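Undergrad: Now for the letters of each chain:
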Amino acid sequence: MHNKRLSVHLIICALLFSSVQSVYAACSPGGYTVGFFNGVWNDYTDASESVGALSSAYPTTYNGLDTRDEIFFSQTACTTIKLTCLADIAEVFSQRANELDSTGTLAQNFVLFWEALSGAQSYSQNIQSAGSPIGSVLTSLFNTVTTSLLQFSTSLLNYKPTAATMAQHNAQLDADAAAGQYFVLVAHSQGNLFMNQAYDHIFPTVGAAGVKAVQIAVASTSLRGGYVTSASDKIIQALAVTGAVPAANFILPSNPVDWTGHAFVGTYLSTTLSGAYGGVTKTPVQVIIDLIATALQKLGIPSAPQCVPVRPPIACPNTFTQTQLNHIVTGMTVPQVNTVFGCSGSNMGNNNWYMWANSNSLIDPTLDIAFVFFTNGIYQGGPDSKSIVGPAYP
Amino acid sequence: MAKMILLGLAAITLSACSGGGSGGGAAAETPPAVSAPYSNDPSTMPGAIAQAEKAGVIPVLDVGTSIAGTDADDNGVRDDIDAYINALSDTPAQKAALRQKSAALNAAMVVDVTDSIALAAAAAKIRNAASCTVSRFSGGIANAHSDEIKKYTINTPQRFDAWMKFNQAMSGSVTQMPKPGVGCAQ
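As they're listed, the protein sequences go chains A and B.
Heads up: the first sequence is residues 409 to 802, going by my numbering.
Heads up: the second sequence is residues 11 to 196, going by my numbering.
These aren't lab readings, by the way, just hints derived from the structure by calculation.
Each statement offered as a hint is correct.
Dumping the calculated DSBU-like pairs for lysine-lysine here, alpha-carbon to alpha-carbon at most 35 Å:
| hint | chain 1 | residue 1 | chain 2 | residue 2 |
| --- | --- | --- | --- | --- |
| 1 | B | Lys-175 | A | Lys-568 |
| 2 | A | Lys-706 | A | Lys-568 |
| 3 | A | Lys-706 | B | Lys-189 |
| 4 | A | Lys-490 | B | Lys-175 |
| 5 | B | Lys-105 | A | Lys-690 |
| 6 | A | Lys-642 | B | Lys-105 |
Note that the coordinates shown come from a computational prediction; the quantities given were computed from them, not determined experimentally.
Work out the full structure: start from the sequences and follow the hints.
TA: Pasting the structure below:
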């Protein structure tokens, strides 16, 4: 059985190499990268869903070149106590919950934390609808979270991008630019602070024809491109009291499913709200679509195709450490690898494959090798983090 | 019994100390604290939740201290979340997307954040799940459904802390998002 599996692996490996040889000679055609910089209250799944929803706002190709979406993710703390702003808010939630309920049930129930944060309170409303007279307790808890959120918002300008985060973002922009990418950088809320520095970093490399900005719910004092901030955005309103942020320019009504009026998907990509923007009545999503379309129109066409450096293939199979072999993951997506120059599978079992890929267009070009996992020939994960570092290229 | 009395006294003390709302002005009217001991009295928090669960108006959730919770069928989704999703009126494809999201969140909460390869794989699952939900629900409905899954999956302080560790580990990363629908596992 093992020999049979080994044979299958070797056959697949040979097939991979036969197809890989032609890839070496290929050049990346360049294209357009829409980079998204998330806001301070957004976690990784929020950022992913924001980009997923946003990607429907522009075509998959433009000027005959592919558009692709990248998440420039960041998390900052509102205080020095916690690692993320969400954790700071959670701390407030827990303290107040313990004050209100000595059984600990309230503080243990983080469904209520998420509902306090978003304002979408079906769970808490249903508790009350079942006849419990605890409405005042929940209202007090939610008010405390609301108040702390607004208090933290007044200091958003103080939460500067860290040097490490900026360095990682800048390195990816450099790698993308080297691969012939032009950029539309889209930022929401505090992401504008990160995006502004990213824009300033890449501008000298690609010039005005290579980068444009779209700024949403602007929590920065300066702009790099077109912007939209809703007049009913309570987070930016709170910030505006202490900081000179750009004035609201979109007259939106309050959003019944987002008490902050600040959520990227819930409010700024809403298809049901509408208001006056530039003297024209539009839905929020239409405003964003128009801003991105304008940004794309102002971009040039990336110059001549960028060729990926060619490296000779490594003999297959290779030897890997057990730690590396243990990283077999499940799930599914599409291959994003353009230059594979090594693989292994003979000692991994379960038809799992481990491939080495040129990291030039995927991760940090200064890294030698990235790892990609396959099961039964189907891509399973990686490389998609700049922190992945493979063994030294022989 | 003595413990119950102490808990009750603690509740009264905490309530008194928090008068006026420690969290901010909007909480000026401080309601009476929910008091121990535990009971099925719907005026207490445990009783209120139990009553609503019994009435079937909120899902019965695993609120244990375990991050992973119970997943008897080993499909990557906690059994309580599976039950919640099964009871929804969405299509099978939509339910599959919601399960994929919950499984991705679970994987992220238990990942060793010091292991960069495992971290990247967990992040890829989050992106794939997002790609799937936005393709199988229209507009804001995707966001609403997805938020429901998040709040029920990351439903305890222990799970929230684990989720924040993942997020902090991902800070500074740049990752490519699959186009809508491409990331669907089923």
